[in-house]
Amino acid sequence: MLLLIAPLALFGCASNTAPVSMQFAAKTEAAKYRRVAVLPFDGDAGAKATIDFESMLASVRYEQKPYFTIVDRTQLLNVIGELALQRSGLVDPRSAAKIGRLTGAEALYGGSAIILPVAYKYSTEPRSVCPKDGKCYTRQIRCTTKTARFELTPRLVEVARGTVVYSDTKIGLASSYRCDDQATDDPEQVLVTKAAANAFQQAREDVAPYERNVLVKFQSSTDGISPQSVENFKGSLEFANAGRFDRACPQWADLARANPSSFALQYNLAVCDEVSGHLDAALVKYQQVDAALTRPDADVNAALARVRNGIAEQEKLKNKPVDSRNSGTQSKRR
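Residue numbering for the sequence shown follows my numbering, beginning at 50 and increasing consecutively.
Honestly, the hints are just simulated from the structure, not real lab data. Each hint should be verified, as a subset may be incorrect.
[Said to hold, decoys possible] What follows is a list of derived Cβ distance ranges for each label pair:
1) Asn127 - Lys97: 52 to 62 Å
2) Arg296 - Gly326: 43 to 53 Å
3) Val263 - Val239: 28 to 38 Å
4) Lys76 - Arg296: 32 to 42 Å
5) Ile100 - Pro175: 45 to 55 Å
6) Thr343 - Thr242: 48 to 58 Å
7) Thr123 - Pro68: 53 to 63 Å
[Said to hold, decoys possible] Calculated pairs, EDC-like style, for lysine to aspartate or glutamate (alpha carbon to alpha carbon, straight line, at most 16 Å):
8) Lys365 - Glu78
9) Lys283 - Asp272
10) Lys147 - Glu131
11) Lys195 - Glu237
12) Lys266 - Asp346
13) Lys170 - Asp235
The structure displayed is predicted, hence computed values, not measured ones. Note that the Cβ used here is the ideal one computed from N, Cα and C, for glycine as well.
Construct the entire structure; sequences and hints are all you get.
Below is the structure:
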């Protein structure tokens, strides 16, 4: 039987939202190359960027397993030494093929990392000064904006063809603002570190699956809930707002059986599937809630779009090719 339910006013002042980690497919095809080597980066920040880029790739996990197999740095440097390659020749087709053949890498990362001088911009802000024995007056205080800029340009060369399959410049920025009458701001090196982290995060999303928190809203309307169930429902919302869906969801399930016409309870059961990662089941429940509504609901519309997008991202991840040469540490596809 199809129940007609309509959302009414919400109860309470809590946020009624929960951050849910959602995994997204990489933004480029670079992610399909999973057995890789990281060659030395050029630029004044190249030495550290080489280590940081390799560490970034090594930290990527998918289905609780490492996503990339990375050629051991000692092995890579030995190969470079044996081939007597100069840094400028590391990514030409012939060199790429040689390195790939000797290391088993599918593709080679290289590139450059540059720290630009910190930029200073000056301005003023008015301050009111009121002496004990005089008239108040306004004076200008000098303020300083410092901006660090870090440019990271990763390039990926496919070994088989010796061609660049990915290259992009990621610009990381970090700023601080301080007036002369305020506490100290971030030192230049701290800003540079933040700018570099920003650039690396941009590159990370290009070349590998990544996670991002999305806010999932749950409902608190008591419409359709019997008076004897309201207190239990309020308690379940407190659990949910504390991130305790292990307690809230069983309570919602019990309450939904006793209050089948409640919009909030039916919606929140879909939320339970979503926060536990069961997106297909969540979509079915959200669709059932949508079908029972007498008018469009913005939260339901947003939930349907969010879950459909999540399912699409999961499909992209499933369709990524598996590196059959990976060792036991490789990440396997479902």
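Indices of hints not satisfied (ascending): As far as the earlier hints go, 1, 2, 7 are violated by this structure, in ascending order.
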